[in-house]
Structures are given as structure tokens and as C-alpha cells.
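Peer 1: Each chain, written out:
Number of protein chains: 6
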Amino acid sequence: MKPVDPATASPEAKAVFEDIKATRNVKEVNNFWKYLGNEPRMLKHTWESLKDIMGPGALDPLTKELVYVAISITNNCEYCMASHTAAARAKGATDAQINELYAVVALANMTNRLANAYKVPVDEAFKT
Amino acid sequence: MKPVDPATASPEAKAVFEDIKATRNVKEVNNFWKYLGNEPRMLKHTWESLKDIMGPGALDPLTKELVYVAISITNNCEYCMASHTAAARAKGATDAQINELYAVVALANMTNRLANAYKVPVDEAFKT
Amino acid sequence: MKPVDPATASPEAKAVFEDIKATRNVKEVNNFWKYLGNEPRMLKHTWESLKDIMGPGALDPLTKELVYVAISITNNCEYCMASHTAAARAKGATDAQINELYAVVALANMTNRLANAYKVPVDEAFKT
Amino acid sequence: MKPVDPATASPEAKAVFEDIKATRNVKEVNNFWKYLGNEPRMLKHTWESLKDIMGPGALDPLTKELVYVAISITNNCEYCMASHTAAARAKGATDAQINELYAVVALANMTNRLANAYKVPVDEAFKT
Amino acid sequence: MKPVDPATASPEAKAVFEDIKATRNVKEVNNFWKYLGNEPRMLKHTWESLKDIMGPGALDPLTKELVYVAISITNNCEYCMASHTAAARAKGATDAQINELYAVVALANMTNRLANAYKVPVDEAFKT
Amino acid sequence: MKPVDPATASPEAKAVFEDIKATRNVKEVNNFWKYLGNEPRMLKHTWESLKDIMGPGALDPLTKELVYVAISITNNCEYCMASHTAAARAKGATDAQINELYAVVALANMTNRLANAYKVPVDEAFKT
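Chains as they are written, first to last, in my numbering: chain A, 6 to 133; chain B, 6 to 133; chain C, 6 to 133; chain D, 6 to 133; chain E, 6 to 133; chain F, 6 to 133.
Where hints are given, some of them may not hold.
Identical copies go unnamed one by one, so any copy, or any two together, can satisfy a pair.
Heads up, simulated DSSO-like pairs for lysine-lysine below, C-alpha to C-alpha not over 27 Å straight-line [stated by the list, open to error]: (1) Lys7 <-> Lys19; (2) Lys26 <-> Lys49; (3) Lys132 <-> Lys7; (4) Lys124 <-> Lys32; (5) Lys49 <-> Lys124; (6) Lys56 <-> Lys124.
Bear in mind the hints are in silico, worked out from the structure with no lab data behind them.
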């Protein structure tokens, strides 16, 4: 698939592009949205979900970007690693925080497999 | 494999169990460590890594527990979900934060696949 | 590993290459098979399985190619995404269908994690 | 987390529950939605996305349910396997189709790794 | 799906069941094969592939069972962990070997993510 | 992140680099360690774990490298595939062994999904 040119996008896609630009105060949407423009319904649902969940809420926005990076590393999604690392830095993440995040991601992927391998039963104290 | 009984564990395993109890101020280690006691070298490396990385650092400990939960959901590790959710709650996580975390995890797993499917090229602005 | 040149392949590999070309009515096998030629036993098993399962059966061949693309996106296998998208198009898949497929893949990866996160018990009505 | 009782749910969650029941012509929503009621924003986004994408479109609804089952197997999500297999059967899937689907899922997960292992370069003919 | 009763299986499935029993010198096939009997074509392909690859070859059979266990832990497949651990033990695996295997599996899942996170470029010396 | 230049690394990182070079009898550490030098604590833990577990033990070092390659293929980690395949070859792995390994990896990923799809219950004989 080719990215959709915002200038010639469908009205539905164009409306989302405009909302992204206004919400984020940027002049151009990034590549992810241009490609998603090929499926305007999914473009709209994805944008509305992200706008709603990734902004201020119960968790601060930086924490949520770091979680996003952590999952993108686990799933090996290069684009998502790049875009959400940039977003985390824009929200104040330091090199030290990103390096420590990588360590946490690595350890979690390690202990996940140890728990699976030994089929460790959940402690009573952890049940809710 | 059966869990290792701390009372009859090898000296190497016993030393780690004691350090876990002292560091966390608990009377008994949780199941994960008892099973890992079957491989005392890995027990030691895993504990020393977690003790070093998961405590106070560049990121606050609660953020790191939330990242751990996020990865454990992505990898479908039930034990790790339970133990790190308990740890997150002990560090102050609210229901609202955990529910929002689940939403972020879900969205990241969704957009990871959209970026893969469209093979979205990384924007110049995201390259570092 | 280097791809195996069909001209100098082992007799076992050559026999599979010939069957692929005859079955698909093509002049050359695609790269996947040339690399798999390094392990002629696996080349044979893989080809015989695909020939048997991916042709007409209980499901139509296009549906099966779309399933193949969906899994390849989920696993982030670029080669398989490319080859099975090409196969799907050759069997009639339209851009609209492929875009909608991407949306389904993304949603499934999202709701899979929501079900895991909340440890949703299977409804009685869904048990068989 | 406990499931949300529709009788005492927040107005936002209740509105989604009512729409699910009306759209699907059922008396009660299934467990997935009750748990998701803990995060009404995500409940709404997930439902609106699924309602929009999983109904009639470029692909027929049965094909989309089968894709959903395929991904749920790949990710090992038991709830999603159960609920979407039930949905596929309700839309006409036969045992023979489901068994053949399982075979396709297995083969795709196999050849995905063969392509990765050999780092097979994408054929020119597959590039678009 | 229900398991297929070998007594009433289709001739194709029955032939595979008989070959499994004769090859392995067992009185009954294990559950995996009974369920796979629902799709006799896939039953046959899976058995023929495993019989051919998992026996003596370039690698010794125990090594191959350990690899199988390692992947099953990584993918969190409980049945495959159980059946291939039993097969590894039958081929001589000791507790010490299985515990060490678990450690290797955990470390590989950890360093896989570190390499992804840092996008480490492949050293010239490792290219072939 | 940029790789850390060993000449200007922190004392903690430099000490690990020196130990890697001495242990492996090489003149330069490979890229993985240079990038990990950005997080000296994780550099140290990772190196100490690998040095301890991947050397001679209950399993021979070649078997452990093959397991590492198998998991790296399953997780699609290109760097780890390259570095541990090189390590396996240095420990004596032949082309025939590597090709057979790829076949085992592919089959395990296949049968993992068949066991999941059919929800095969663990045979009594496999329970320990």
C-alpha cells in the first residue's frame, strides 16, 4: 500500500488528519497516519482511541509513552519504537530513563519465561 | 520441577532467599523464587538484576512495575501479571491506573500490527 | 545460508522444485523454496503440506491466503507478508479487502490483550 | 478486577451495553464486555471499532471471524478463541472449515520461522 | 473439538495412529494425535515431518527435544512443554540439564529484547 | 542510542569490557556490548549471567548456542540469530546441523499452535 496524500484524501480521512494536526499542533501528520488513511474507518477509530487514552488521565502521559515503547520492543515493531521513543523524549524522558526502561523490558521478558518454564502457581497473597 | 524448600535449600539458594526477605522485609519468599531455587546460579543472577534495576533509579519504582505488568500481559504470563500487579498496588497503583494501563497495552498491541502491516517507514523526525 | 541453485540441487530438492513449477505453472520457484533447498527433507514436507492444505478444500483458497497474511503480520514476518499478499491478490483480493484485513488483525491483537489483562472467564455459551 | 454489573454500571458503560444488546439482538452481553466496563472509554472505543469493522464490508463476516480465531490461536488467547469460534459457527462455519483453519494457522506459524531463519529476501515479483 | 477415538477413526487417521504406535513402540497414541485426528491430512503431514526430523540426524535426538522445550516455553504452550519435557527425560535429560535449559531460554528472551531495543547493527564478523 | 566507545566508557562498563575480552580471548567486544554500555548495571548483569550459564555446565556449550539460535528465530531477533549462529559455528556446528535446527524450530512453532487450537489436555503420563 502507498501512503495517502492528505491533499487528495477522502473527506473522512482528511477530517482525521486535520484533527491530529490541531490536537498536536503540528504542520503535517506522521507516516503512520498517512498509511492508515487507506482504511478511513480504522484511521478514525485508532486516532480517537489514542487521543482519548494517551492524554492526561489516571497515568501521566510520559508513563504511557514508556509503556508503549516497552511493548513495541517486546513485539519488535521498529516504527512504533521510533515514534513512541520520540514522543517520550518530547514529554521529558532522559537517556538514563530510556536505558533503564530497556533493562526493565529485558528483565520482564526473561522472568516471564522462567515463570512459564517452572509453571509457578500464583501465591495466595497475589490473588485478588 | 518442585519448589525448593528454603529450609533445605543449598547454601547458595539460602543466601539469596535471606537477602530477598531482608531487602523486602517479608517473612517468606514468594513462589517464583522457590521454584528458581532449582537453579541457584539463575536464582542469584535474577535476584541481583531485579534488586538493582527495579528499585529507585532514573524511573520511579511504580512506573517500572506498570511496565512489567504491560509486558506480562503482552506475553500472556499469568504469574507475572499477578505478582507485578500486586507489587504495583503495594506501590500505590489505583484501579483507575490499572484500567488505563490495560487500555494502553491493548492499543500498543494494535498499532504495532498496523505499522507492520503497512510497513510504515520511520519518519525522518523520529530518527536519532 | 545461500539459496540452492535449482540447476545443481540434490535430486530430492530438484524433484520438489519441479513439482512446485508444474503445480503452480511457473517457470521458477520463488526464493523461499530455494533457501529451503538446503534441507531437502523439510523442503519436501513443507511443500507437500502447503500443496495439500492451501488448495481447494473446506475453505476457499483466498480465505486461506488472507489468514496466512494475518498471521504473518502478527508474527512480523516480512517475507511471508509479501509472498502471501501477492498470492491473495492473484486469487482476487482487492485493496479494500486487504485494508479491512489489516483492521481485523489489529483489532484481534488488541482484544487478545484485553481478554488476557482482565483474565475474562469463558462464558458458558461459548463452551463446546 | 471484577466484572461490572450492567445494572449498576456507569451511564457511559450502560449505553454501550445497551447498544451491544440491540445490535446483536441478545439479552445479555458476554463476559468480555462486563470486564471492559471497568474502563468505559476503552469499552466504547473497542465496541465501536468492532461494530464498524466486523460487520459486512469488503470481506464477509465469516472470513473475519476466522481471521480472528487464527490470530487468537497464534497469540494463545483462550477467551478469544472460544468467543470467536462461537461467532464463526453462528455465521455458518463447519467443523471441516475449523479443522482446516487450524491447519493453515499451524503452517503459517511454521513457514514464518523458516523465512526468518533463512532470512529469505523478498522476490522482486512480490514487491509492490 | 473432541479427540478422535482410534477405534472409530477414518482409515487415513487409523493408518497414522498405527504407524505412531509401531515407530514408538507404545500401546496408545498420546492426546495430541487423537485431537489432530479431526484433520487427517494435517495429522499425516505432522507425523511424517516429526518422524523424519526428530529422529537421529545431524543433531542428536535429545538436543532436538531440548530445542522443542525451549520454543514451547517461549511460546507458552503448556501441552508441548509437558510432552517434550517427557520425551527429553526419556532420552536421558537430567534435572540439572532441564534447569540449565530454562536459564538459557530466559536469557535468550532477555537479550533478544536488548538487541531490539538498541537496534544493534550486526557485526561484520557475524555476517556470512 | 549510540554505542559506547570502550576507550571513553565509564569505569564500570570498562571493567566488563575487559572481562569479556579476557574471557573470550578477543581484541574487541562485539556491538551488543558496546550498546549495552549505555546502561552499565545491565551490561554487568547480562555479562555475568551469560558467562555463568553459557559456559560448560550440565549441557554442552554448543547445545546452548543452538537453543539460543532457536529462540532468536522464534522471536525474530536478527542480531541474536547472527551472533549466536556465529558462536555455534565457532563451537563446531555444521551446515547440516544448522539446517536441521531450522526444521525443528519450524515444527515446534507449528505444533505449538496445533496444541493450542485443539486445547489438548496434558496426558497423565506427561504430568510430573
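Peer 1: Each hint: holds or not?
Peer 2: Hint check:
1. Lys7 <-> Lys19: Cα proximity of Lys7 and Lys19: one copy only (16 Å, versus 38 Å across).
2. Lys26 <-> Lys49: both (14 Å within a copy, 24 Å between copies)
3. Lys132 <-> Lys7: The answer is between: 12 Å across copies meets 27 Å, while 48 Å in one copy does not.
4. Lys124 <-> Lys32: between (51 Å within a copy, 23 Å between copies)
5. Lys49 <-> Lys124: Between. Shortest inter-copy distance 19 Å satisfies the 27 Å Cα cut-off; intra-copy 41 Å does not.
6. Lys56 <-> Lys124: Result: close only across copies, 23 Å inter versus 39 Å intra.
Violated hints: none; the structure is consistent with every hint.
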